[in-house]
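If you read the protein sequences in the order shown, they are chains E and W.
Numbering-wise, the working numbering puts 112 at position 112 of the first sequence, and it's gapless, one number per residue.
Numbering-wise, the working numbering puts 150 at position 150 of the second sequence, and it's gapless, one number per residue.
Hints were generated in silico from the structure; no laboratory data involved.
In this text, all values refer to a predicted model and were calculated from it rather than measured experimentally.
Listed next, with one range per pair, are the computed distances between beta-carbon atoms:
id, chain 1, residue 1, chain 2, residue 2, range
1, E, A154, W, I191, 29 to 37 Å
2, E, R94, W, F163, 37 to 45 Å
3, E, V71, W, F176, 22 to 30 Å
4, W, L30, E, A154, 54 to 62 Å
Covered by chain E, according to a simulated footprint, are these stretches of chain W (three or more residues, beta-carbon under 8 Å):
id, segment
5, 5-14
6, 56-68
7, 71-81
8, 179-191
Example chain E residues on the side facing chain W (calculated, C-beta under 8 Å, incomplete):
id, residue
9, A16
10, L46
11, K74
12, F79
13, P81
14, L85
15, Y98
In this text, a Cβ means the ideal position worked out from N, Cα and C, and glycines have one as well.
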Amino acid sequence: MRLLRMRDASFASATARAGPLTLDLEPGGRIASTFSTSQEATIVALMAAGIAKATTGSVLIGDYDPRVQSVHCKRIAGFVPHEPLELDERDFPRYIAYRAALWNIDATAAQAEARLLCERLEGMHEAFSYPLIGALVASPQLIVLDRPQPVYAAQILRAVEGRALLSTHAQPSNAAAFT
Amino acid sequence: MTGRAFAGMLQARLYVSRRLVAYSCGCAVLVALAAPAGVTTPLFLCSLLGIVIALDQTPGRHRHLDRCEQSAPLFGRELARAKALVPCIAALLATALFACTQFARGSPDGLATLLVVPPAVVACTLTALSATTRRGATRALYVLLACAVMGGAYALAVIADTFLAELALCVIVAFFALRQYGETLARFDPI
Chain E
1 MRLLRMRDAS FASATARAGP LTLDLEPGGR IASTFSTSQE ATIVALMAAG IAKATTGSVL
61 IGDYDPRVQS VHCKRIAGFV PHEPLELDER DFPRYIAYRA ALWNIDATAA QAEARLLCER
121 LEGMHEAFSY PLIGALVASP QLIVLDRPQP VYAAQILRAV EGRALLSTHA QPSNAAAFT
Chain W
1 MTGRAFAGML QARLYVSRRL VAYSCGCAVL VALAAPAGVT TPLFLCSLLG IVIALDQTPG
61 RHRHLDRCEQ SAPLFGRELA RAKALVPCIA ALLATALFAC TQFARGSPDG LATLLVVPPA
121 VVACTLTALS ATTRRGATRA LYVLLACAVM GGAYALAVIA DTFLAELALC VIVAFFALRQ
181 YGETLARFDP I
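Just chain E, with the same shape it has in the complex (with noise of 0.2 Å):
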């Protein structure tokens, strides 16, 4: 069972366009794909993620459309914006409280597993590594990064161990990093 498959997947907009896209992903597998522009490595992440619809094209999540079955896909894909997070470390608790009631899991659990991951993703930047334990306490079988920072690649890596991970690139040296 392949878990993220792209066929000809694409986006477009009044002012947005990206794609035809094809890629097959495999769970634990990992791909980080490099594209022409910022804008549209966000939309691939986007799709992938189950967030935007393919215009043209498909995209499936576990065996999920996002078309008509969005909240399934969302509960099968975890995205991490590029966008740093600004949050004072006082209020990751609440953060992380907040995410384990949108997704309905176990507050605790969440709390718990937070501060795990959080040692995992030690000398990574809050801004960047709240967004990514946000993402993985609700347990994702598959992790989409929009852009992720080449210099924290180790750290994301080990965070996110046995997931599939999808990495959208502007650079393809960034790209480098995550293969």
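With chain E fixed as given, assemble chain W onto it according to the hints.
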């Protein structure tokens, strides 16, 4: 959507908008101290505050909350209900404080404010929410529509002095505005 998710969204949105909510409440108290008798002032003021707080829910203003909600396993309509409650609660809080100040001043309009103003506030706020997912002229049109609802509520409640007609208008407008917002959020393109 679970009650936990609903409460979590509500809490997070009110927390990031806490300054705006506090300023709205402060503004309501200050105006209530100097306002003339009648429900005209609270109706217009609290409805306008509702519109402003609704516009604060525009995607991009609280980017990390938007991304969390978009990537969470929730349906558009569920998101709409939770997001719609945030400006309604904030504007109703301002209305309640306005009425409390009127009571404290010994004004006889406190009870009328509590009866007449909330339906108009909720209807205007929910109508203005549809502006948050739009840009340009369409956005302005929804804000104008919210102001028109405010005017309609005023005409029925104050000029025509028919509270039930105002209530009926506001319930109908609020129902369709919430439905419209839910449909728009379900189809909303985050790019």
